[in-house]
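Protein sequence lines, in the order shown, are assigned to chains A and B.
All letters in the first sequence, in the order written, are residues 1 to 313 by this note's numbering.
All letters in the second sequence, in the order written, are residues 1 to 313 by this note's numbering.
Since the hints were made in silico from the structure, they are not lab data.
All of these numbers come straight from a predicted model, not from anything done at the bench.
All residues carry an ideal CB built from backbone N, CA and C; glycine is no exception.
Careful: at least some of the hints might be erroneous.
Unchecked claim - If the Cβ cut is set under 10 Å, some of the chain B residues that face chain A in the computed set are:
#1 S23
#2 Y38
#3 L174
#4 E175
#5 I176
#6 A238
#7 G242
#8 V265
#9 R267
#10 L274
#11 P280
#12 H297
The residues making up each chain are set out below.
There are 2 protein chains.
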Amino acid sequence: MLVGDITALARVLSLVEQGGPNSNAAGALVYPHGGAAYTVGITGAPGAGKSTLTDRLIGLGRADGHRIAVLAIDPSSPYSGGAILGDRVRMTDHFLDPGVFIRSMATRGHLGGLALAAPAAVRVLDAAGFPWVLLETVGVGQVEVEIAGAADTTVVVVNPGWGDSVQANKAGLLEIADIFVINKADRNGAEEARRDLEVMLELSGIAASAWRPPILKTVAATGEGSQELWHTIAAHRAFISGGPDGGALARRRAKRVADEIREIVARRLEERALGLCAGPQFEALRADVLARRIDPHAAAEVILGGLDGLDGD
Amino acid sequence: MLVGDITALARVLSLVEQGGPNSNAAGALVYPHGGAAYTVGITGAPGAGKSTLTDRLIGLGRADGHRIAVLAIDPSSPYSGGAILGDRVRMTDHFLDPGVFIRSMATRGHLGGLALAAPAAVRVLDAAGFPWVLLETVGVGQVEVEIAGAADTTVVVVNPGWGDSVQANKAGLLEIADIFVINKADRNGAEEARRDLEVMLELSGIAASAWRPPILKTVAATGEGSQELWHTIAAHRAFISGGPDGGALARRRAKRVADEIREIVARRLEERALGLCAGPQFEALRADVLARRIDPHAAAEVILGGLDGLDGD
Numbered sequence: 001m002l003v004g005d006i007t008a009l010a011r012v013l014s015l016v017e018q019g020g021p022n023s024n025a026a027g028a029l030v031y032p033h034g035g036a037a038y039t040v041g042i043t044g045a046p047g048a049g050k051s052t053l054t055d056r057l058i059g060l061g062r063a064d065g066h067r068i069a070v071l072a073i074d075p076s077s078p079y080s081g082g083a084i085l086g087d088r089v090r091m092t093d094h095f096l097d098p099g100v101f102i103r104s105m106a107t108r109g110h111l112g113g114l115a116l117a118a119p120a121a122v123r124v125l126d127a128a129g130f131p132w133v134l135l136e137t138v139g140v141g142q143v144e145v146e147i148a149g150a151a152d153t154t155v156v157v158v159n160p161g162w163g164d165s166v167q168a169n170k171a172g173l174l175e176i177a178d179i180f181v182i183n184k185a186d187r188n189g190a191e192e193a194r195r196d197l198e199v200m201l202e203l204s205g206i207a208a209s210a211w212r213p214p215i216l217k218t219v220a221a222t223g224e225g226s227q228e229l230w231h232t233i234a235a236h237r238a239f240i241s242g243g244p245d246g247g248a249l250a251r252r253r254a255k256r257v258a259d260e261i262r263e264i265v266a267r268r269l270e271e272r273a274l275g276l277c278a279g280p281q282f283e284a285l286r287a288d289v290l291a292r293r294i295d296p297h298a299a300a301e302v303i304l305g306g307l308d309g310l311d312g313d
Numbered sequence: 001m002l003v004g005d006i007t008a009l010a011r012v013l014s015l016v017e018q019g020g021p022n023s024n025a026a027g028a029l030v031y032p033h034g035g036a037a038y039t040v041g042i043t044g045a046p047g048a049g050k051s052t053l054t055d056r057l058i059g060l061g062r063a064d065g066h067r068i069a070v071l072a073i074d075p076s077s078p079y080s081g082g083a084i085l086g087d088r089v090r091m092t093d094h095f096l097d098p099g100v101f102i103r104s105m106a107t108r109g110h111l112g113g114l115a116l117a118a119p120a121a122v123r124v125l126d127a128a129g130f131p132w133v134l135l136e137t138v139g140v141g142q143v144e145v146e147i148a149g150a151a152d153t154t155v156v157v158v159n160p161g162w163g164d165s166v167q168a169n170k171a172g173l174l175e176i177a178d179i180f181v182i183n184k185a186d187r188n189g190a191e192e193a194r195r196d197l198e199v200m201l202e203l204s205g206i207a208a209s210a211w212r213p214p215i216l217k218t219v220a221a222t223g224e225g226s227q228e229l230w231h232t233i234a235a236h237r238a239f240i241s242g243g244p245d246g247g248a249l250a251r252r253r254a255k256r257v258a259d260e261i262r263e264i265v266a267r268r269l270e271e272r273a274l275g276l277c278a279g280p281q282f283e284a285l286r287a288d289v290l291a292r293r294i295d296p297h298a299a300a301e302v303i304l305g306g307l308d309g310l311d312g313d
């Protein structure tokens with residue numbers, strides 16, 4: 001994988017997506033080889049045109065001579081491991097280009113798993129030498145927004161008349177957006193959508209010295225505005241990379257690492273809690289509680305005491 | 001408190017509501033004295049008339065010579081510790097009756113806390129000798145439904161034209177309901193509401209031998225139908241108490257205890273995870289991850305290893 005074998009890359013990704021000890025071991029092996037990739041998250045409601053826009057960005061990146069990897073994440077899809085997502089089929093322009101690697105990831109039973117599997121897969125693509133990793137998520141649910149928001153630059157794609165389709169998570173989208181794109185801007189309502197976004201940004205009170213998310217208009221189907229988006233991504237990258245200590249980018253990555261470690265710890269503890277609250281010892285404790293020999297909090301203490309004696313498996 | 005001192009009871013409840021070691025110690029002290037109380041959960045959308053209905057049930061229970069405690073839980077209210085909730089003021093009929101104890105509980109910062117504080121408070125009221133504890137929750141959010149559903153008999157109160165107000169959690173309400181009450185049944189649409197509920201029950205496929213939730217009509221404001229509700233609660237109690245091993249009631253209570261212990265264990269582990277993911281050791285690990293000396297999963301392992309060495313505080 002490290003010398004450019006695409007089949008090997010696909011295999012490592014499959015392993016890392018699964019989670020568990022082997023997956024973590026694979027992740028640990030590749031991690032030292034990464035660090036050069038820059039990630040761009042692209043999110044928005046289904047049908048907003050994210051895939052077509054991603055396709056345009058691939059074309060522009062390739063024209064600049066960069067290798068590009070795309071991780072397309074669809075929590076609602078049962079397909080994974082390189083299977084073609086709904087609209088992924090449109091990316092056929094780059095199907096035969098060895099400088100482009102496209103991978104789909106879908107939920108394996110539980111949404112929470114994706115939030116950990118996605119950054120692990122990004123690290124693999126990073127180690128495989130892709131300087132650009134585009135992280136495209138389908139939908140604006142909490143997990144999708146979280147995944148796309150954990151990129152170096154996050155692009156939120158909306159459409160004219162977008163308000164209703166993302167109503168449930170407007171605040172979440174506003175929080176993660178570095179760049180807003182109004183795609184299908186040739187339709188009615190593009191200007192209203194821009195004003196809505198302006199008002200939201202105004203109300204959110206961005207500091208004068210901070211990056212103010214630009215609002216771009218694109219028509220991905222024709223390519224209109226995609227060059228400007230590519231340049232704006234580069235401008236955001238330059239802006240957050242500035243400063244003596246690596247600037248906002250370094251802080252953002254440091255925060256992301258802390259969040260991820262916390263999330264892994266929380267998940268592992270959750271698994272342990274489930275494991276501890278089952279079996280004969282647990283049943284005996286429950287019987288004690290029902291017989292009023294001990295109360296539920298004392299029973300929990302006994303179980304937590306058992307945890308402290310366990311090895312970290 | 002155990003000999004009927006109401007001021008002492010109020011103090012123990014305040015202590016138990018707070019959570020933490022002293023709270024748990026108080027809970028452990030009173031727990032052996034309980035076991036005789038029967039709990040009735042009453043839930044439904046705000047404005048459905050739950051308080052007025054509860055008021056009617058208090059009157060009927062008192063007429064039968066029972067002492068009755070009411071725990072009114074409103075996660076959205078900032079008031080707690082016996083403060084008067086919005087519509088609690090209507091319960092003045094019983095204000096001077098020493099056989100009636102009414103307590104309000106609201107959220108203390110986090111909703112999750114209520115899910116543990118409510119059963120702890122019920123155990124105190126049980127130990128204080130109330131044979132009936134009515135658990136009234138305001139609203140149909142997940143936590144409220146969970147709390148009301150953790151009663152021996154759960155009454156779900158709806159109104160004619162109720163569909164929209166509880167749309168978000170219809171399935172949750174259906175799952176917990178032992179008795180449906182269509183309150184304000186003198187209004188238009190009561191019969192349609194009954195048919196809607198019948199269809200929902202039909203679709204849920206209740207086993208022939210199981211309790212099929214009756215659908216009652218009441219007008220709490222005039223008292224119409226409340227006698228039938230009181231009798232139906234008694235009928236449900238008799239139904240689930242039957243059988244050689246205490247029947248469905250014993251199984252229900254055993255499941256509840258297991259759920260509560262699991263919840264306490266999960267919360268405690270969550271607290272520990274938060275505690276572990278902060279401080280100098282965590283910062284050093286994060287720096288190692290950022291420098292690619294170890295990967296996030298390995299960092300989490302180190303932290304989890306530290307957990308195992310801790311005392312159960």
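Hint check results:
Interface restraint check for S23 (chain B): the shortest CB-CB distance to chain A comes to about 8 Å, inside 10 Å, so the restraint holds. For the restraint placing Y38 (chain B) at the interface with chain A, the shortest Cβ-Cβ distance is roughly 16 Å, beyond the 10 Å limit, so the hint is violated. Nearest Cβ of chain A to the Cβ of L174 (chain B): about 23 Å, over the 10 Å cut. The hint is violated. With 10 Å as the threshold, the beta carbon of E175 (chain B) stays out of range of chain A, its nearest partner Cβ sitting at about 21 Å, so the hint is violated.
The restraint placing I176 (chain B) at the interface with chain A is violated, with a minimum CB-CB distance near 20 Å, outside the 10 Å limit. The restraint placing A238 (chain B) at the interface with chain A is violated, with a minimum CB-CB distance near 21 Å, outside the 10 Å limit. Nearest Cβ of chain A to the Cβ of G242 (chain B): about 19 Å, over the 10 Å cut. The hint is violated. Look at V265 (chain B): its Cβ gets to within about 5 Å of chain A, closer than 10 Å, so that hint holds up.
Because the closest C-beta pair between R267 (chain B) and chain A is about 9 Å apart, less than 10 Å, the hint holds. A cut of 10 Å between beta carbons decides the hint on L274 (chain B): the least distance to chain A is about 8 Å, and the hint holds. Against a cut-off of 10 Å between C-beta atoms, the interface hint on P280 (chain B) is violated, since the closest Cβ of chain A lies about 13 Å away. Because the closest C-beta pair between H297 (chain B) and chain A is about 4 Å apart, less than 10 Å, the hint holds.
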